[in-house]
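Visitor: With the hints as extra help, turn the sequences into a complete structure.
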Amino acid sequence: MDEKKIRELYAGDDITKVFTNLHSSANGLSSEEAAKRLKKYGPNAIKKSEEKSQWKTFFKNFISTMAILLWISGAIAMMSGTLELGIAIWMVNIINGLFSFWQERAAKRATDALNNMLPTYVLVIRDGKKMQVDSKDLVPGDVFLLQAGNSIPADSRLISASSMQVDQSALTGESVPESKTTKYDPGEGSYAESNLIYSGTTVGAGTGRAIAFATGMKTEFGRIANLTQKQGKTESPLTRELDRLTKQLSIIAVSTGVVFLVCAIFFVKYPFAKAFILALGMIVAFIPEGLLPTVTLSLAIGVRRMAKKHALVKELNSVETLGETTVICSDKTGTLTQNQMTIHYIWTPKHEYHVTGNGYVNNGQIELNNKQLWYEENPDLHKLVQISALNNDTTVQPSKVKGGKPKILGTPTEASLIIMAEKAGFEKQKVLVKYPRLRELPFDSDRKRMTTIHRWNDTQYIILTKGAFSDTIKQCDQIQVDGKIRKMTKEDSDRAKQVNADYAAKGLRSIAMAYKVVERKDTDVSKLTIDQAESHLIFVGLTTMSDPPRPEIYNAVRRCHEAKIKIIMVTGDSKLTAKSVAVQIGLTSKKARVISGNELNNMSDAELRQALKGEVIFARVVPEQKYKVVKTLQENGEVVASTGDGVNDAPALKRADIGIAMGMTGTDVAKDAANIVLTDDNFASIVAAIEEGRAVYSNIRKFLTYILTSNVAEAFPSILFLFSSGLIPLPLTVMQILTVDLGTDMLPALGLGAEAADPDVMKQAPRKRSEHLLTKSIISKAFLWYGLLSSIISIGAYFFVNYQNGWPSVPLAASGRVYMRATTMVLGAIGFAQVANVINCRTNKVSVFKKGLFSNKNIWYGIIFQILLFLVLTVTPGLQELFNTTNLMASDWIFLFCLPIPLVLLDEARKWLFYHKAYKK
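Sequential numbering of the sequence shown, starting at 1, is according to full-length UniProt numbering.
Misleading hints may appear alongside valid ones.
Only pairs whose alpha carbons sit at most 25 Å apart, straight line, appear in this in silico DSS-like list of lysine-lysine [unchecked claim]:
#1 845 with 857
#2 371 with 428
#3 40 with 136
#4 430 with 448
#5 309 with 371
#6 247 with 56
#7 613 with 564
#8 613 with 631
#9 575 with 448
#10 506 with 575
#11 247 with 768
#12 487 with 350
#13 402 with 308
#14 183 with 448
#15 309 with 851
#16 17 with 183
#17 768 with 631
In case anyone wonders, no lab produced these hints; they're calculated from the structure. Given the structure is predicted, the values throughout are model-derived calculations rather than measurements.
Guide: Here's what the structure looks like:
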């Protein structure tokens, strides 16, 4: 029997039959029987998804394709007789792996520290007595007690309930609490049965007694957690691209090495040992040893920047994936909205009042014609505020943390009424002393009203009623207008109904307020029936409320639209509310199609794919349907980020390319499924994170261009050597190639990884999923522009040194100081050309001078290190021998220091010529 049928069975059966089926009673289980059932059913806890072993997590950072290439590079260096550099390459790999492992562990520790959602203790009845037990020890058949503020520990059937309202937003996404009674009503939507309560939800108001029928992984909470855990995680686009790139470069490197080995042996007549060293040099030249650590550290920089913007990244590659996002599937409650009910308007037959301020803080006011009004200044407002505050069981506790969310003991609806009364200057506790409550007729889902009876004066009682508009106004036959009471006419009733309909069309909920005064001598409060108390009421007016959008959401949505990122609301809330919020915040136009969960079930895959191409909103959906929407979007070729805070969001979070959970209000299941946790629950932080993700990917391409540029200049001397059949002595040694790759290139490349986002990065469309990391543009710039210029200049330096020695009258030097000075100049020319190239790579189209030549200090630190390293290599005796360098002449140094200037100016001319419009901006 599936879970839905089980729920229907426990909801529809008579309570005595439920007791029989669970072999229990109203007095609960015996302690002995509870112990037996605990062994049979297991603890009432959500099983954690199987975590990777620490060793697997550790070693995976050392066996990626790029890591393997670094191991090979180190081995090649050692085989070429340079043990020191080989060890250095391996140390880079080790440090890189340790850093990645540390980063992932730090993120995991942060998410593990977030509080559990399920309650720790529960008050049960065992052996006929009340006792407190650990919620993990609760078993099917246990009877337990609940009151306002309690988290519900298991899926249960209510035995008794008094004014109970349950916040199910963590499970359904519905912001309005559900009324719960012992009477069965299937309700609308998922988990709407009136007499069933679910694990992980919270009692907002009232008290109750229930019997558990499902615990642990058998609960709806557990079922969704299990669904989430079964989903495999989508591979990061960056991981795929890096694997592809390294395989390409590896094939090129090895193929080139083999060709050079064969040509050196058969055409240059080199002995095998020398030919092998030459081939190794070519392989080293084409392996970008610095790429992996540079990518990792660039991602780490992105992680640190995101953390400052309240986004905790659990996996490094998630940074880049965010930048590729084309669609965000967002929950509504708590993500786009504040999850804090707020009164916006008060309507009385004579006036409409505007209530300013949002959320559970009283930093607003009541306004009439843009003028602040206190409740005593108008008799109708006075009475409506009085009903709102006195007919109310909720308390709002201010947060103890600055900027924190206030805690409500009760329901969101009543909390909004309390805050509204405070904004009007009404002090509830003082007024309650004057008009003490004598009796309460609790809210129930049939009447949809709540009534309280108070002492009014020495001779009268006052009966205060609030409730759903349509169910309250029909109990009214009088109306108060400007403090005067008269009979309610049909025109009065029709007008109020139209006003209510107009508010509903705007997505606002209405609560009607009514009252009457009765004589004490004619009324026995204790015997007063509901019908007697709630008949012949005086209608005062109504309040309208909604869960307001987050204040930062408007700008965040606008920026997403500018970035060509589509946002789709996927919520458990009603169609009307969902569309109202979507239109209000600019998510969609009024023409957007709203698809309910039931409609979604009846759609074919092709119909859903087509619907997702247009403006669409999904309402009243369950977890499986959220998952289906995300999956279908991915099949449409979209890169999907899914946001949410509830258990109902977890499967979609896990399936999405990027799952983003709310850290403050999110459930553990949601946080566990997500790649990124927002520590401030702010949707705008997502936009900032996407901007950072785009910047990171842009920077990866920049330093990829930069690194490949030097690879061309490194390979060019060996190509000359080969094609000259050895007549041109090798202008650059293997050790010098490694010096460029891991010495002079590394820090400037890291500086590029820290480059700030380009101003227009969020005004560009997301890159296509099919677009590769290594593009034609990068190849042409690295190989045919920067690389070619560097090669020509470095080889030119080589020939110029030989020219000064008498070439072409004498042969090119193959050994001695002239040869060492020539190779040193080639190494220096490549290094100083890279100074120009790192500056040029900072921008693609605009002038680097417009961005600020010195705005990225990290690059200049790298340039200074690069120059100092080259200086040390040329003047230190031991290093001179190791790296085949020598002291340079003053004219050599002048040439090298002047070299970057024309290269930068030449590239500025290229940018102006090809990107004239962008260059001028």
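Visitor: With reference to the structure, classify each hint as holding or not holding.
Guide: For each hint, the structure was consulted:
1. A hinted pair counts as satisfied when its Cα atoms are at most 25 Å apart, and residue 845 with residue 857 qualifies at roughly 21 Å.
2. With a C-alpha separation of about 24 Å, the suggested pairing of residue 371 with residue 428 holds against the 25 Å cut-off.
3. Proposed proximity of residue 40 and residue 136 is supported: the alpha carbons are some 14 Å apart, at most 25 Å.
4. Using a Cα cut-off of 25 Å, the hinted pair residue 430 and residue 448 is violated, with the two alpha carbons roughly 28 Å apart.
5. For the hint linking residue 309 to residue 371, the alpha-carbon distance of about 38 Å lies beyond 25 Å, and the restraint is violated.
6. Simply put, residue 247 and residue 56 have alpha-carbon atoms about 23 Å apart, close enough for the 25 Å limit, and the pair holds.
7. Among the hinted pairs, residue 613 with residue 564 is consistent with the structure: their alpha-carbon atoms are about 13 Å apart, no more than 25 Å.
8. Taking the CA atoms of residue 613 and residue 631, the gap is about 14 Å. The hint holds against a cut of 25 Å.
9. In summary, the hint linking residue 575 to residue 448 is supported, as the alpha carbons are separated by about 21 Å, within the 25 Å threshold.
10. Taken as a hint, the residue 506 and residue 575 pair is honoured in the structure, with Cα atoms around 12 Å apart against an allowance of 25 Å.
11. Under the criterion of a C-alpha separation no larger than 25 Å, the hint pairing residue 247 with residue 768 is consistent with the structure, at around 21 Å.
12. This hinted pair checks out: residue 487 and residue 350 have alpha carbons roughly 15 Å apart, not beyond 25 Å.
13. For the given pair, residue 402 sits about 18 Å from residue 308 by alpha-carbon distance, which is consistent with the 25 Å threshold.
14. The hinted pair formed by residue 183 and residue 448 meets the criterion: a straight-line CA distance of about 14 Å does not exceed 25 Å.
15. In summary, the hint linking residue 309 to residue 851 is supported, as the alpha carbons are separated by about 23 Å, within the 25 Å threshold.
16. A hinted pair counts as satisfied when its Cα atoms are at most 25 Å apart, and residue 17 with residue 183 qualifies at roughly 15 Å.
17. As the CA atoms of residue 768 and residue 631 are separated by approximately 18 Å, the hinted pair is consistent with the 25 Å bound.
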